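Asker: Use these hints to put chain B onto chain A, whose structure you have.
Residue numbers (the working numbering), protein chains in the order written: chain A, 1 to 116; chain B, 1 to 118.
Derived from the structure by calculation, the hints contain no laboratory data.
There may be inaccurate statements among the hints.
[To be verified] Distance condition first, Cα-Cα at most 25 Å in a straight line; then the derived DSS-like pairs of lysine-lysine: (1) B:Lys38 - A:Lys11; (2) A:Lys44 - B:Lys38; (3) A:Lys44 - B:Lys3.
[As the list claims (entries may be wrong)] Partial selection, computed: residues in chain A whose CB lies under 10 Å from chain B: (4) Pro8; (5) Trp22; (6) Thr104; (7) Leu113.
None of the values given here were measured: they were computed from a predicted structure.
In this text, a Cβ means the ideal position worked out from N, Cα and C, and glycines have one as well.
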Amino acid sequence: EAGVAQSPRYKIIEKRQSVAFWCNPISGHATLYWYQQILGQGPKLLIQFQNNGVVDDSQLPKDRFSAERLKGVDSTLKIQPAKLEDSAVYLCASSRPRTGRGETQYFGPGTRLLVL
Amino acid sequence: AQKVTQAQTEISVVEKEDVTLDCVYETRDTTYYLFWYKQPPSGELVFLIRRNSFDEQNEISGRYSWNFQKSTSSFNFTITASQVVDSAVYFCALSETHGSGNTGKLIFGQGTTLQVKP
Chain A
1 EAGVAQSPRY KIIEKRQSVA FWCNPISGHA TLYWYQQILG QGPKLLIQFQ NNGVVDDSQL
61 PKDRFSAERL KGVDSTLKIQ PAKLEDSAVY LCASSRPRTG RGETQYFGPG TRLLVL
Chain B
1 AQKVTQAQTE ISVVEKEDVT LDCVYETRDT TYYLFWYKQP PSGELVFLIR RNSFDEQNEI
61 SGRYSWNFQK STSSFNFTIT ASQVVDSAVY FCALSETHGS GNTGKLIFGQ GTTLQVKP
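This is chain A alone, in the form it adopts within the complex (with noise of 0.2 Å):
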């Protein structure tokens, strides 16, 4: 079974500048989450998606970042415009049931962002 796939792998901005995060979820589950950890912390939640609808963005900073999940399937992340905070690896999760509560998460490889 493939696990979950992340790219690109690393990416390197100047601030203001706008970049994407693509993300493709184990075959079959249903929930899919971004997490933001920055350099020695612990990843926290920035979005949630139950098949293509969000089911928890209470921590997606709204005025620069977004995410869509169409055809609850892949999913994409943009920050727009990036700020040097921003600097931190991005990690997509996916896990099977329907509420997600509870399940394992199981993660990609990550995306390293710098913004210089």
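Answerer: Relative to chain A, chain B alone:
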């Protein structure tokens, strides 16, 4: 509010030593799940174990073992006879299940960096 604390920021051991990584959690939920993940230098979070709040049995998997104690809200992880390949950052995480605001997201601790020297 839910919270996970990993008080040990960094641990350094010599190969073949046993090492225990501590995890203390806070939750008001009666049903919840606890996890451990490993993050090697490559960056990917690797799932190690999932335990629900009703199962307090300790678990052993090869050189890994986990001690879950609800009375002290702890879920500690022990590596027996550590190896250099165990060097990584280890995260403990909590997922609540009840309440309208609980969607199953993982609340992570700060992580413990384990260095195993040859």
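Asker: Each of the hints needs a verdict: does it hold here or not?
Answerer: Here is what the structure says about each hint:
Between the alpha carbons of Lys38 of chain B and Lys11 of chain A the distance comes to roughly 24 Å, so the proposed pair stays at or under 25 Å and holds. About 16 Å separates the Cα atoms of Lys44 of chain A and Lys38 of chain B, which keeps this hinted pair within 25 Å; it holds. At most 25 Å may separate the alpha-carbon atoms for a hinted pair to count; Lys44 of chain A and Lys3 of chain B meet this at roughly 12 Å. Contact between Pro8 of chain A and chain B, as hinted, is not supported at the beta carbon level, the nearest pair being about 13 Å apart and thus beyond 10 Å.
With a cut of 10 Å, the hint placing Trp22 of chain A at the interface with chain B is violated, because the nearest CB-to-CB distance is about 16 Å. Of the supplied interface hints, the one on Thr104 of chain A holds, with its beta-carbon coming within about 5 Å of a beta-carbon of chain B, less than 10 Å. Here the hint on Leu113 of chain A is broken, as its CB sits about 12 Å from the closest CB of chain B, past 10 Å.
Consistency note: the structure conflicts with the earlier hints numbered 4, 5, 7.
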